[in-house]
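Asks: The residues making up each chain are set out below.
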Amino acid sequence: MADDAAPQSVAEVKEALGQVGYLADEPAALVSFLAQRLGKPVLVEGPAGVGKTELAKALSRATGRELVRLQCYEGLDEAKALYEWNYRKQLLRIQAGATTGEVAEDAATDVLEDIFSEEFLLTRPLMHAISSSDPVVLLIDEIDKTDQEFEAMLLELLSDFQITIPELGRIEATTMPVVVLTSNNSRELTEALKRRCLYLWLDYPSVEREMEIVRLHVPELAEALNRRLVEVVHMVRALDLKKPPSIAESIDWARTLLLMGADDLDRETFESSMSIIVKHRTDIDIVAERVGVKLAEPPVASGPSPDS
Amino acid sequence: LSSPYGPKLEGGPPGLAPKVLAFCEELRSEGVAVGTSEILDAFAALEQVPWTTEEDFREALAATIAKSQEDRRVFELLFDRWFFRSAEAEAVERGIGEQGERFEGGEQLDIDGLRDAVREAIVAGNDGEMRDLARLAISAFGRRGEGSGVVGVDVQRIRRTLGLATGAQPPTSAGEELPPIERDQLNEFERHLRRELERGLIERTEALPPSRPLAELDRALPTSPAQDLASVHRAVTQLKRRLATLGHEQRGRRRGRHVDVRRTMRSSLETGGVPLRLRYRPKRPRRPEIYVLCDVSTSVTSASVFFLGVLHALHDSFRKLRSFVFIERISEVTEVFEHERDFRTISQRISSEGGVADVSGYTDYGRVWLEFLGEIADELDPRSTVIVLGDARTNGREPHAEVFAEVAERAGRLFWLNPEPRLYWNYGDSVMAAYERYCDGAFECWTTRHLENFVNVVAGGAPAAE
Numbered sequence: 001m002a003d004d005a006a007p008q009s010v011a012e013v014k015e016a017l018g019q020v021g022y023l024a025d026e027p028a029a030l031v032s033f034l035a036q037r038l039g040k041p042v043l044v045e046g047p048a049g050v051g052k053t054e055l056a057k058a059l060s061r062a063t064g065r066e067l068v069r070l071q072c073y074e075g076l077d078e079a080k081a082l083y084e085w086n087y088r089k090q091l092l093r094i095q096a097g098a099t100t101g102e103v104a105e106d107a108a109t110d111v112l113e114d115i116f117s118e119e120f121l122l123t124r125p126l127m128h129a130i131s132s133s134d135p136v137v138l139l140i141d142e143i144d145k146t147d148q149e150f151e152a153m154l155l156e157l158l159s160d161f162q163i164t165i166p167e168l169g170r171i172e173a174t175t176m177p178v179v180v181l182t183s184n185n186s187r188e189l190t191e192a193l194k195r196r197c198l199y200l201w202l203d204y205p206s207v208e209r210e211m212e213i214v215r216l217h218v219p220e221l222a223e224a225l226n227r228r229l230v231e232v233v234h235m236v237r238a239l240d241l242k243k244p245p246s247i248a249e250s251i252d253w254a255r256t257l258l259l260m261g262a263d264d265l266d267r268e269t270f271e272s273s274m275s276i277i278v279k280h281r282t283d284i285d286i287v288a289e290r291v292g293v294k295l296a297e298p299p300v301a302s303g304p305s306p307d308s
Numbered sequence: 309l310s311s312p313y314g315p316k317l318e319g320g321p322p323g324l325a326p327k328v329l330a331f332c333e334e335l336r337s338e339g340v341a342v343g344t345s346e347i348l349d350a351f352a353a354l355e356q357v358p359w360t361t362e363e364d365f366r367e368a369l370a371a372t373i374a375k376s377q378e379d380r381r382v383f384e385l386l387f388d389r390w391f392f393r394s395a396e397a398e399a400v401e402r403g404i405g406e407q408g409e410r411f412e413g414g415e416q417l418d419i420d421g422l423r424d425a426v427r428e429a430i431v432a433g434n435d436g437e438m439r440d441l442a443r444l445a446i447s448a449f450g451r452r453g454e455g456s457g458v459v460g461v462d463v464q465r466i467r468r469t470l471g472l473a474t475g476a477q478p479p480t481s482a483g484e485e486l487p488p489i490e491r492d493q494l495n496e497f498e499r500h501l502r503r504e505l506e507r508g509l510i511e512r513t514e515a516l517p518p519s520r521p522l523a524e525l526d527r528a529l530p531t532s533p534a535q536d537l538a539s540v541h542r543a544v545t546q547l548k549r550r551l552a553t554l555g556h557e558q559r560g561r562r563r564g565r566h567v568d569v570r571r572t573m574r575s576s577l578e579t580g581g582v583p584l585r586l587r588y589r590p591k592r593p594r595r596p597e598i599y600v601l602c603d604v605s606t607s608v609t610s611a612s613v614f615f616l617g618v619l620h621a622l623h624d625s626f627r628k629l630r631s632f633v634f635i636e637r638i639s640e641v642t643e644v645f646e647h648e649r650d651f652r653t654i655s656q657r658i659s660s661e662g663g664v665a666d667v668s669g670y671t672d673y674g675r676v677w678l679e680f681l682g683e684i685a686d687e688l689d690p691r692s693t694v695i696v697l698g699d700a701r702t703n704g705r706e707p708h709a710e711v712f713a714e715v716a717e718r719a720g721r722l723f724w725l726n727p728e729p730r731l732y733w734n735y736g737d738s739v740m741a742a743y744e745r746y747c748d749g750a751f752e753c754w755t756t757r758h759l760e761n762f763v764n765v766v767a768g769g770a771p772a773a774e
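Residue numbers (this note's numbering), protein chains in the order written: chain A, 1 to 308; chain B, 309 to 774.
One thing to keep in mind: the hints can contain errors.
Claimed, not checked - Calculated cross-link-like contacts (lysine-lysine; reagent style DSS-like; alpha-carbon spacing at most 30 Å): (1) B/K327 x A/K243; (2) B/K628 x A/K242; (3) A/K145 x B/K628.
What the hints assert, rightly or not - Stretch-level coverage of chain B by chain A, calculated; a stretch enters the list once three of its residues show a Cβ under 8 Å from a Cβ in chain A: (4) 346-358; (5) 374-380; (6) 459-466; (7) 566-575.
Hints were generated in silico from the structure; no laboratory data involved.
Virtual Cβ for every residue (Gly too), placed ideally from N, Cα, C.
Construct the complete structure from the given sequences, taking the supplied hints into account.
Replies: Written as structure tokens, this is what we have:
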């Protein structure tokens, strides 16, 4: 099933992902590797903001494939996910037939056959991913937001990479897409869907790994400050918050500290920049109360920021 | 293959495949749903990875077999045990052992040197190093003749002899500072100790100790009150979606529907472009208004923490939510929930300054309905949903079911969650029957499972099996 472009080893995938700015841990790299070798969809679960969507984007960058994204939401239906008939064009076609005065019966059946051809099909993300002549990465984001019916509709696509259109017949994938489904685990997905996928659970990274991630994105940040920052983010995550800070927010915060020219994370710096990682009013109160006090008071006479 | 339990010295057919199959069988016996297609996937995956490295092998199996966090947890526990046992069984069968030179070399090391080496290995998290050191420690320990023969006891004795503890570490004998050791890190070393001791035991006795099913305690994910709260929150999030999209099409007026031009045109194609049937835009459901009444009297003490958790979660999900607590009289606590986030503070504030007029400490449901209706009668409309959390024990007072009926009449929907098993309803001073007939649904509810069940039923699904 694996084509020539498929990677040869897990290390290769890890390396490729690293080069496009995504530090995958061992399980993530292995599952990405298997997904490409076996041609199976990957179901990625985990809390919000651990880089589930980013993994798909990184895969697309690393493999040089186009990223086709389907953002799921409540009430998403086939017409928006799969395909739709271009009724305007179809109507025009019918009227064009009528005005030229074609009355013969076979002309009418001609028209009927004609208007249900691929020419009148509007492709939506899933169809696009299947019919594309170049291999793509298909990201089905937040699958848990849709209804179970929609999940059932995906099954045909995920197991056989084909779509059946009543008027046209079966459309099979010409190239094997890499499919990534993400879920925030807000509801249990059906067994049928899970059975067709490889499973990957992404969690918040350890301090060391998150430091590496921050270092990769904000290389100018001093090492000591980086460690301090990641430790504080971990402390904040340990609290019961409405929305714990994501990895992206750690990176934003690192950039902010850099702009502020801070050389240490004292209480004052923390309180003035806290809104980068905590976004709810009630959360801000809790964090200020629990984490803020643990940080040292700012020194009386602090020098200008040294690191550059 | 024979039973997954007990010594398997005879062994199944040789090779890796039967071992993996037997492992899947054992997973199934622990309640993980492993389908045939998943096993096929696992083999396909194993063809792709160098399965001679343990981590790749394990991850490849896990990605194809364990499809949820809970399953993954069971998988990890069983994986360690199963492949360790298989390897040992094979070794015993083939007579491969290390008799003689096993656990050698411990005598050259003094305890202090060993302690430093172990702590450094733990801090570094080096697996191979820890295993070697565990064997050294066992050797040194065995030479002092303190082995009890019971693995668990020996592990703890060795740990104490080495003076290993979590938390801040004293500097090494060379004077180097060490970072503090976490509980997890120490556990890892103890795991190596246990494994090496077991291996020694198996070699001496040439038999595997019987394996037991996983203890319920082990397999459950480590939980905390915060996580229970999280599962309540999850159930409530589902409730929110269901309430938002459910049953609204029957209510409200048919007036003011908008024709969906796109869909009308699309369907007109079936009739040759003549729009015979009009398609309408689906009506956007209006945001539900929820009123929650929560009994906080002593008769529901055990359930009230759970109920407050539910309230807490509801407040997280719904904007238009008003909550009331009551004992003898009613008191609105919407404010408290809106301004406090921490669950403990909320419970404290409700019990201390919730303003619950608690004269006698006995619930008076009749009075509660009268007051509730008096306070918000004008605001109740068919859009609103009323949820009552309580045990319907009136302490012999007038239940005022007719007032309750009026509340039910005005509100769109009314649900009752009762923290007592259905069996106890209507016994003693419980007047559940008087109220139940006016409810759109009455449910027993004191665990998250019940809450999920409630959500399912509200959503029109089948009640989950108990």
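Asks: Kindly indicate which numbered hints from before are broken by the structure, ordering the numbers from low to high.
Replies: 1 and 6
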